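Novice: Now for the letters of each chain:
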Amino acid sequence: MNRYEILNQVYTNKVKTVIQENYRIKTIEIDHRMDCLPGQFLMVWIPGSGERPMSIGNADPLTISVANVGKVSGEIVNLVEGDRISYRGPFGNPFTIPKNAKKILCIGGGYGVVPMYFLARKAKEAGVNAIAVIGAKSENDIVWEKQLFVVCERVHITTDDGSKGKKGTVMIEVNELVEDVDAVYACGPEKMMAAVAKLCREKKKFCEVSIERIMKCGVGICGSCAINGKLCCMDGPVFTGEEALAMEEFGK
Amino acid sequence: MSIQSEFFGKKMKNPILLASGIIGMTRGSLGMACENGCGGVISKSLTLEPRKGHEGPNIVETECGILNAMGYPNPGIEEGLREFAGWKREEALVISIVGKNAGEFAELAKKVELQKNRVSALEAVISCPHTPGYGTMVGQGTPESVSEITTAIKENCSLPLIIKLSPSVPGEVKAALAAEEAGADAINMGNSLGPGMKIDIHRKKPVLGFGIGGLSGLPIKPIAVRCVYDIYGAVKIPIIGTGGINAGVDAIEMMMAGAKWVSVGTAVYYRGQDVFAKIAKEMEVWMKLNGYSRLEEITGAAHEQI
Numbered sequence: 000m001n002r003y004e005i006l007n008q009v010y011t012n013k014v015k016t017v018i019q020e021n022y023r024i025k026t027i028e029i030d031h032r033m034d035c036l037p038g039q040f041l042m043v044w045i046p047g048s049g050e051r052p053m054s055i056g057n058a059d060p061l062t063i064s065v066a067n068v069g070k071v072s073g074e075i076v077n078l079v080e081g082d083r084i085s086y087r088g089p090f091g092n093p094f095t096i097p098k099n100a101k102k103i104l105c106i107g108g109g110y111g112v113v114p115m116y117f118l119a120r121k122a123k124e125a126g127v128n129a130i131a132v133i134g135a136k137s138e139n140d141i142v143w144e145k146q147l148f149v150v151c152e153r154v155h156i157t158t159d160d161g162s163k164g165k166k167g168t169v170m171i172e173v174n175e176l177v178e179d180v181d182a183v184y185a186c187g188p189e190k191m192m193a194a195v196a197k198l199c200r201e202k203k204k205f206c207e208v209s210i211e212r213i214m215k216c217g218v219g220i221c222g223s224c225a226i227n228g229k230l231c232c233m234d235g236p237v238f239t240g241e242e243a244l245a246m247e248e249f250g251k
Numbered sequence: 000m001s002i003q004s005e006f007f008g009k010k011m012k013n014p015i016l017l018a019s020g021i022i023g024m025t026r027g028s029l030g031m032a033c034e035n036g037c038g039g040v041i042s043k044s045l046t047l048e049p050r051k052g053h054e055g056p057n058i059v060e061t062e063c064g065i066l067n068a069m070g071y072p073n074p075g076i077e078e079g080l081r082e083f084a085g086w087k088r089e090e091a092l093v094i095s096i097v098g099k100n101a102g103e104f105a106e107l108a109k110k111v112e113l114q115k116n117r118v119s120a121l122e123a124v125i126s127c128p129h130t131p132g133y134g135t136m137v138g139q140g141t142p143e144s145v146s147e148i149t150t151a152i153k154e155n156c157s158l159p160l161i162i163k164l165s166p167s168v169p170g171e172v173k174a175a176l177a178a179e180e181a182g183a184d185a186i187n188m189g190n191s192l193g194p195g196m197k198i199d200i201h202r203k204k205p206v207l208g209f210g211i212g213g214l215s216g217l218p219i220k221p222i223a224v225r226c227v228y229d230i231y232g233a234v235k236i237p238i239i240g241t242g243g244i245n246a247g248v249d250a251i252e253m254m255m256a257g258a259k260w261v262s263v264g265t266a267v268y269y270r271g272q273d274v275f276a277k278i279a280k281e282m283e284v285w286m287k288l289n290g291y292s293r294l295e296e297i298t299g300a301a302h303e304q305i
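These protein sequence lines map, in sequence, to chains E and V. Residue numbers are given in numbering that gives the first Met the number 0: position 18 of the first sequence equals residue 17, and the series is strictly consecutive. Residue numbers are given in numbering that gives the first Met the number 0: position 96 of the second sequence equals residue 95, and the series is strictly consecutive.
Hint data in this document are derived by calculation from the structure and do not stem from the laboratory. Nothing here was measured: the structure is a model prediction, and the numbers come from that model. Where hints are given, some of them may not hold.
To be verified - The calculated lysine-lysine pairs, modelled on DSBU-like cross-linking and capped at a C-alpha distance of 35 Å, are: (1) V:Lys87 with E:Lys190; (2) V:Lys277 with E:Lys98; (3) V:Lys203 with E:Lys25; (4) V:Lys109 with E:Lys251; (5) E:Lys251 with V:Lys115; (6) E:Lys70 with V:Lys204; (7) V:Lys87 with E:Lys197; (8) V:Lys204 with E:Lys25; (9) V:Lys203 with E:Lys70; (10) E:Lys251 with V:Lys110; (11) E:Lys251 with V:Lys51; (12) E:Lys136 with V:Lys51; (13) V:Lys280 with V:Lys235; (14) E:Lys25 with V:Lys51; (15) E:Lys13 with V:Lys204; (16) E:Lys70 with V:Lys51; (17) V:Lys99 with E:Lys70.
Chain E on its own, in the form it takes in the complex (with noise of 0.2 Å):
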């Protein structure tokens, strides 16, 4: 019971489960059931580390997928099942679904698949068909290919070298599937969300993207994700595709 309300507490939980996704990424699912949506994130604190963003993949149980890629995310990677993981959250703006979708269409580069599995999931509880688009660099780089699999009515995938899929990156599958659907999101490399959203404009589809910067408080206080005069963390993370376009760093 806390005396006085906190807006956004601390958690700590054991960890679950880890799963080793490929030669950097693990997928940690914890030990709660998170109140929580797609597009949303967790600030997780490594104590003496420090603290990072990382996207949400899941909510019940709660799941990030990390990359091993510095200090604090090469602790949690190290993580094992049993170990406590403390986090705050969840925060930013959620994707949304025109009320009138019946299908969807989710793009994920790299990592990126992570949210778009989790809106996929919930789309499918709603009744609307996602079909995914996974861009990577190479075969080993794709991750969360099964889960949209169960999830997604099909699972489109390209690889920068070719090694599974289409050569190429996902243009070319979204610009084939583009017409049949009511919108389009994507998580990726900005250059990717750049095209997509471009696309999307000029197809006049529904489309949202999830736009990563560095965060420090995570909710709208110390400015650190600014991006053209919208906080990241408030305002964001996910942005209509006009919204981001507007935006002159956005996809640079």
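Use these hints to put chain V onto chain E, whose structure you have.
Specialist: Showing chain V alone in chain E's frame:
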């Protein structure tokens, strides 16, 4: 009835300033604060060299206010001035600087002097409670130090100078007097209070990456109000009241203590990015209900002899 104010010759739609370090990393985000209703903005504090700031967590919410230890992440004075140089809005822009000593403040002031066109004032922060080498951690805030820093800046920059004092250092009245005597044009009375600490009892560790941090939010208001009250009685230069302004009545109270303006920071967390407009509206409503027509009737009202 009007809540219009004036800031070193510039008209302000209200006396509410965005506090330094809140949102204001870029011209765009300062502009957004103006769109959200503030009468003026104070930039993120700039240092001579770029700084990454402390490792996270940088903020943690407590049962009574927020603790932060950002550690002055900023792109450095050169880049910062470039970012803020294109300021075209009508709201007042204050550039905030922070240095390790009088020499650094002088260097910073020289650079601001070269790009002062659109800038309404310069604020020197000598009161950060949680950054090694700066503020209260190196004894800035004593009358001697305040006097030395104020003089150094005034010799190098012709902009109106605001000295930002700490509520955590005893003797703020003497510090304010020293600033006034050395030529400061205003006092910003208030900063986060402390340092304080929040320990996570499950992890048995301080939560903030830096361990300690400054407390902000409503809980520090009584201390900020007392500080403003005390220095209003001592100095003639105007005062910005900072600390725990969350609603219109908080601003009124701070102004009655003696503030000509208030600055708002942590309230964006509790009440959203448009908190400035909310506070302005609440001030108007309160003044109307209570028969006040101008802010001049409120500033220092608590000092009036009955």
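Novice: Hint by hint, say whether it matches the structure.
Specialist: Hints, verified against the model:
| no. | hint | verdict |
| --- | --- | --- |
| 1 | V:Lys87 with E:Lys190 | 31 Å, holds |
| 2 | V:Lys277 with E:Lys98 | 32 Å, holds |
| 3 | V:Lys203 with E:Lys25 | 26 Å, holds |
| 4 | V:Lys109 with E:Lys251 | 34 Å, holds |
| 5 | E:Lys251 with V:Lys115 | 30 Å, holds |
| 6 | E:Lys70 with V:Lys204 | 19 Å, holds |
| 7 | V:Lys87 with E:Lys197 | 30 Å, holds |
| 8 | V:Lys204 with E:Lys25 | 26 Å, holds |
| 9 | V:Lys203 with E:Lys70 | 21 Å, holds |
| 10 | E:Lys251 with V:Lys110 | 30 Å, holds |
| 11 | E:Lys251 with V:Lys51 | 22 Å, holds |
| 12 | E:Lys136 with V:Lys51 | 31 Å, holds |
| 13 | V:Lys280 with V:Lys235 | 29 Å, holds |
| 14 | E:Lys25 with V:Lys51 | 28 Å, holds |
| 15 | E:Lys13 with V:Lys204 | 17 Å, holds |
| 16 | E:Lys70 with V:Lys51 | 15 Å, holds |
| 17 | V:Lys99 with E:Lys70 | 29 Å, holds |
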